[in-house]
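S.K.: Sequence:
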Amino acid sequence: MRLFAGIEGKARLAGLFLLGGMAARGVGEAMIRAALVVPGSGRETARNIKDFPWAYRAAEATDLAMACAMLGATVLLYALFAPGGRHVARMAALLSVIGIATLGAGSLLSIAPLILLDGAPHPGIGMAQTYSLVELTLLLRDQVQHVARIFLGLYLLLIGLLAFRSRRFPRALGAALMFGGSVQAVARLMALIAPDLADATVIQADIVAVLAEAVFALWLIFSARRPFPAPSAADS
Numbered sequence: 001m002r003l004f005a006g007i008e009g010k011a012r013l014a015g016l017f018l019l020g021g022m023a024a025r026g027v028g029e030a031m032i033r034a035a036l037v038v039p040g041s042g043r044e045t046a047r048n049i050k051d052f053p054w055a056y057r058a059a060e061a062t063d064l065a066m067a068c069a070m071l072g073a074t075v076l077l078y079a080l081f082a083p084g085g086r087h088v089a090r091m092a093a094l095l096s097v098i099g100i101a102t103l104g105a106g107s108l109l110s111i112a113p114l115i116l117l118d119g120a121p122h123p124g125i126g127m128a129q130t131y132s133l134v135e136l137t138l139l140l141r142d143q144v145q146h147v148a149r150i151f152l153g154l155y156l157l158l159i160g161l162l163a164f165r166s167r168r169f170p171r172a173l174g175a176a177l178m179f180g181g182s183v184q185a186v187a188r189l190m191a192l193i194a195p196d197l198a199d200a201t202v203i204q205a206d207i208v209a210v211l212a213e214a215v216f217a218l219w220l221i222f223s224a225r226r227p228f229p230a231p232s233a234a235d236s
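Quick note on numbering: the UniProt record's numbering labels position 199 of the sequence shown as 199, and the sequence is numbered without any gaps.
Treat the hints with care, since some could be wrong.
Claimed, not checked - The following label-pair restraints were derived from C-beta to C-beta distances: (1) 167 to 136: 44 to 54 Å; (2) 79 to 222: 25 to 35 Å; (3) 171 to 47: 48 to 58 Å; (4) 127 to 87: 49 to 59 Å.
As the list claims (entries may be wrong) - 20 Å max Cα-Cα, derived EDC-like pairs, lysine to aspartate or glutamate: (5) 50 to 118; (6) 50 to 60; (7) 50 to 29.
Everything labelled a hint here was simulated from the structure, so no lab data went into it. The model shown is predicted, which means the values in this text are computed figures rather than measured ones. We put the CB at the ideal spot given by N, CA and C, even for glycine.
Whole structure, please, built from the sequences with the hints as guidance.
M.R.: If you want it as structure tokens, here you go:
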């Protein structure tokens, strides 16, 4: 397809992958899990999962879709930025892959409640203990998510640096990506070190990062119609 041919086509496709990944995350986290998971109550969460197992499994499917979209965007953005800064592009891609793999580990933890509730109570594990285990596995998943988002925030920071140094992108866009990525990484790190102080900050930092990434994705999709200048020594 000529629409996705050449450098401009790769940029357009990368933007679509980025938007697709953000949409999948929004559906899985902000819509499905937010409705099913009751913070601090394993009993209520378990009841919701038992009543709507299909919805909980749908959230797992959105995690898989998000991971695939993020991997696709990582490969395409590496191809886009490598000619102008190969070492930084490689480091960015590595951080992204580590972050995506860590998200995958968190997704495995989120499957645990389905296994625990299937056929509960189990021998030697009463319902009260099952509810506690459901809550603990989801809390552990949240901690893994913090680690993953640190890597992905650093990835966004490096992508912003590459965009800022390149003549292909507006410098304001690169600066926004660097700011959003650094804020997300710092907020997620603080959530691990001092969770009581960082709970509200994490949401705000994620919003900043998502907005910067969304603007970047839209620029890739719609502004890629303009020819990209060839890489020069200034880009490296």
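S.K.: Compare the structure with each hint and give your call.
M.R.: Going down the list of hints, with the structure as the test:
no.	hint	verdict
1	167 to 136: 44 to 54 Å	51 Å, holds
2	79 to 222: 25 to 35 Å	20 Å, violated
3	171 to 47: 48 to 58 Å	51 Å, holds
4	127 to 87: 49 to 59 Å	54 Å, holds
5	50 to 118	9 Å, holds
6	50 to 60	15 Å, holds
7	50 to 29	18 Å, holds
Comparing the model with each numbered hint stated earlier shows that hint 2 is the single one that does not hold.
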